[in-house]
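Q: Order-wise, the sequence lines are chains A and B.
If you use my numbering, the first sequence corresponds to residues 17 to 218, in order.
If you use my numbering, the second sequence corresponds to residues 2 to 275, in order.
These aren't lab readings, by the way, just hints derived from the structure by calculation.
Don't be surprised by glycine CBs; every beta carbon is placed ideally from N, CA and C.
The reader is advised that the hints may include incorrect statements.
To be verified - Chain B regions said to be covered by chain A (calculated; three or more residues, Cβ under 8 Å):
#	segment
1	14-20
2	29-37
3	40-52
What the hints assert, rightly or not - Under the rule of at most 25 Å between Cα atoms (straight-line distance), these lysine to any residue pairs were calculated in the SDA-like manner:
#	chain 1	residue 1	chain 2	residue 2
4	B	LYS15	B	ILE31
5	B	LYS41	A	ILE126
6	B	LYS137	B	ILE152
7	A	LYS120	B	TYR45
8	A	LYS99	B	LYS15
9	A	LYS120	B	PHE34
10	B	LYS219	B	HIS193
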Amino acid sequence: MYSIFLAVFASAGFITLQIFRSQASYILILKFYTIFEYAVIAYFLMSVLKNQLIITLLKYSIVAFTLISVYFYFVSDLHKLNKYPSVIEFLLFIVFIIYFFYEKMKTVIIYPLYQSTTFWICVAFFLYFTGNFFFFLFSNPASTPEFKKQMILIYSFVTITKNFILSLSLLPNEPIEISDDELRIPTDINLDEFTVTNSKKL
Amino acid sequence: MFFLQVSASSDVSKLMFIGSVGMITLAVGIIVFVIMHQRKVIRYHIQMKKLEAEKQQIYLNASIRFQEEERQRIAADLHDDAGPLLATARLYLNENLVNQDKPQQLQSIFSAKQILDDAILLIRNISHSLMPPTLKNFGLESATTDLFQKISGSGTINASARFHDYRERLKVEQELLVFRVIQELVNNIIKHSNSAFIHLTQNATTNNLYIRLHHDGKGIVQSEFDKLNHTSSGLGLKNIASRIKVLNGRILFEIDSSQTYYKVTLEIPKESII
Chain A
17 MYSIFLAVFA SAGFITLQIF RSQASYILIL KFYTIFEYAV IAYFLMSVLK
67 NQLIITLLKY SIVAFTLISV YFYFVSDLHK LNKYPSVIEF LLFIVFIIYF
117 FYEKMKTVII YPLYQSTTFW ICVAFFLYFT GNFFFFLFSN PASTPEFKKQ
167 MILIYSFVTI TKNFILSLSL LPNEPIEISD DELRIPTDIN LDEFTVTNSK
217 KL
Chain B
2 MFFLQVSASS DVSKLMFIGS VGMITLAVGI IVFVIMHQRK VIRYHIQMKK
52 LEAEKQQIYL NASIRFQEEE RQRIAADLHD DAGPLLATAR LYLNENLVNQ
102 DKPQQLQSIF SAKQILDDAI LLIRNISHSL MPPTLKNFGL ESATTDLFQK
152 ISGSGTINAS ARFHDYRERL KVEQELLVFR VIQELVNNII KHSNSAFIHL
202 TQNATTNNLY IRLHHDGKGI VQSEFDKLNH TSSGLGLKNI ASRIKVLNGR
252 ILFEIDSSQT YYKVTLEIPK ESII
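Here chain B stands alone, though its shape is the one from the complex (with noise of 0.2 Å):
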């Protein structure tokens, strides 16, 4: 009632009123915005997370499936690759075998023992699909420098890799996740991007190890990265992903800032939870 006194008997007093009562509204109404906005800005940063542990159950999935299928391809190489040999190395040298004469004797001693030969070889190709001995023996940057040589000697793209500064060698267990992660990309590069060449760059911090692969194909983006993970396809991008999750590492899909070629960086810490 005071204000409404004053506020007749004043023109500015009015003013100053409305003014001051206007200014504290919407001082007020602001503060009120800037609450709202920002727990809105929370509850969908909780809707991300959300997103994101399920996605973590998809990498898991993609983990589990992928285990089953390489164990399931072990089955496969043994049952109908080894398993036959060795059946048929066992015909050879079955109990009829001290009745033959000494010739056909020897012959299938000799036939047998070349079934066996190749059934040890192809254990060892298994048992080196699961383990490559260069990376096992000589380490990550043996076996890089090694497939991408492999890769080079075949003709159809140029592959380089080069290590600047890899004195201080990672877990044999890390070594073979990062090595998986570089075939898969490799692999993923050859198959879809239709690039000419691939060069592999290492470098190193004191705590991180950094490894760069370069190609001048068709490449993809951290958002696409992120788009083809939340698809159910894609089991290859899921296997890369979770291997870097185990390594609590992290990964980086761009484009050259000349926009001439796709760069994928991995971010490993040399002391990983592993």
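With the rest of the complex left out, here is chain A (with noise of 0.2 Å):
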């Protein structure tokens, strides 16, 4: 699904880059990019994520964040790209993908982590968000050549690093985990129906 998306937006920025030649509309696609992203990542760890608050937190901050972006679509320049989307979206996924790890490592005890796709899937994007984000906080048009250069760089060492990564979490075989042996009394039963009639503590 990620794949598709990547692809259907690079065609898109392809397209109106090259051969339509317009700034603004391929600037249009980066801040329709960034919202899809953002839902289908998040998507993503709904499905990944155990805790029902933590689900609820991310289904809501779909909305929350489409609203942002749309916000700073209107507040900021036609044909700048607005980064505080981006740094909103980077720093929320930051921290929701450190929850990942803390979920995952509380209750995977039958087998490594590193046998999971999800986790590489993970591990591919918190590579991405954190060395990206000074990339987005620290990024300017009104930048030198030689800044702009090295802001490519760091991009596309992080980005490929992603994607390498992302390509490789489909090897692992994970496997299925077991449910563990606590004894779970159904509450539907009765079986505390008694009356007491010389009990000490009474």
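Starting from two chains that each stand alone, build the complex the way the hints lay out.
A: Take a look at the structure:
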């Protein structure tokens, strides 16, 4: 799903920039890309996390993030990419992925985490978001060419690493988790109904 | 080198470079920590599994020991009680009986008959202790109710049992194991808890049978049960655990949320492995 999403946006970006030579359309596509990227990764995290509260938070954060992005779309220049939605997105995902690691550390005890596909997907995104965080935070269209070159280098290195780990993540065969041996008594059966006639504690 | 040249020309560039490298290092650090920590947890889990296997071995040994003790008890009962009784009866019915006069003959036969009756009763008692007839003929519900009535009848403790849903009987072997577990639990409660009442409740779901014992004396919780199971003493608790294991069931010792009663809950699968 993520690959299809990337392919669609990369093609759209290429067409607008190289064929139509429209910078404004390209920026618009990038703005949409940020919103969809957030939604896709949030949806993925929703499917791998177990805590219902975090899942609900992620669900509502998609709506909130879309609204923030739309707001920044209207307040910022049409020809410039506003960095704040991306910075917010990166910060949120860094936090959510750290929570994912915490949850996995707590619950998966049957097999090593590096055998898990979802773990490596999260590792890839985690490296991508942490590595590019400062890039987006300090990104400035009016930067010097050297600075831009450095930005592109960092961004490319991190993105290639992400895509490399993402492609490798499909290799491990994730074992099925076995449930624990705890006794869970059904709540709908009556086991506590009795009359006490001579308890010492009454 | 390129980064160093750029970093010298701009503070922001330097900050971005250091920040990015720092963030990547931190991310890698977190990932390595997660993997290492989880490996440690897995090692601990494997260690626990090993301990669990050792515990199973202790259960098995306890079960074998219990079986041996039971055999010795039966042998002792037969040797010390039934043996002398039958020997005495044989003495009354010896070859001199035909030489005795009529009243003496009748007296000897009557005495021998009484001794044989006692021997029959003794053997019946031994047999009943091996397999209670109520349990065999009428099932777990009747045997348990009977047991609780007998306990209550002694007047020292108020005991009652209520079966909510026992329309479908377990297999006889399962019932015997469950009954033995109940007996052992009740025995422990009477011996150690100093409680004034014991109440047993039974209920069932489609797949499992549930039995819960409540008492108001001094009880134990699951952690204490697990701890006692690991110690060399406490054969009774090991027997309970091994029987539950054979039944493929589970047991839970807990205290009521009101902190007034202790509860012991048994979960027995209806389709057991035995």
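Q: For every hint, state whether the structure bears it out.
A: Hints, one by one, checked against the model:
A count of 5 residues in the segment 14-20 of chain B with a Cβ less than 8 Å from any Cβ of chain A is obtained; the coverage claim is therefore met, three being the minimum. Look at the segment 29-37 of chain B against chain A: 5 of its residues bring a Cβ nearer than 8 Å to a Cβ of that chain, three or more, so the hint holds. With 4 residues having a Cβ less than 8 Å from any Cβ of chain A, the segment 40-52 of chain B passes the three-residue criterion, so the hint holds. Distance restraint check for LYS15(B) and ILE31(B): the Cα-Cα separation of roughly 24 Å lies within the 25 Å cut-off, and the hinted pair is therefore satisfied.
This hinted pair checks out: LYS41(B) and ILE126(A) have alpha carbons roughly 12 Å apart, not beyond 25 Å. Straight-line distance between C-alpha atoms of LYS137(B) and ILE152(B) comes to about 20 Å, which keeps the hinted pair within the 25 Å bound. Straight-line distance between C-alpha atoms of LYS120(A) and TYR45(B) comes to about 16 Å, which keeps the hinted pair within the 25 Å bound. Restraint check for LYS99(A) and LYS15(B): satisfied, since their Cα atoms lie roughly 19 Å apart, inside the 25 Å limit.
Pair hint LYS120(A) plus PHE34(B) holds up; C-alpha atoms about 12 Å apart against a cutoff of 25 Å. Simply put, LYS219(B) and HIS193(B) have alpha-carbon atoms about 7 Å apart, close enough for the 25 Å limit, and the pair holds.
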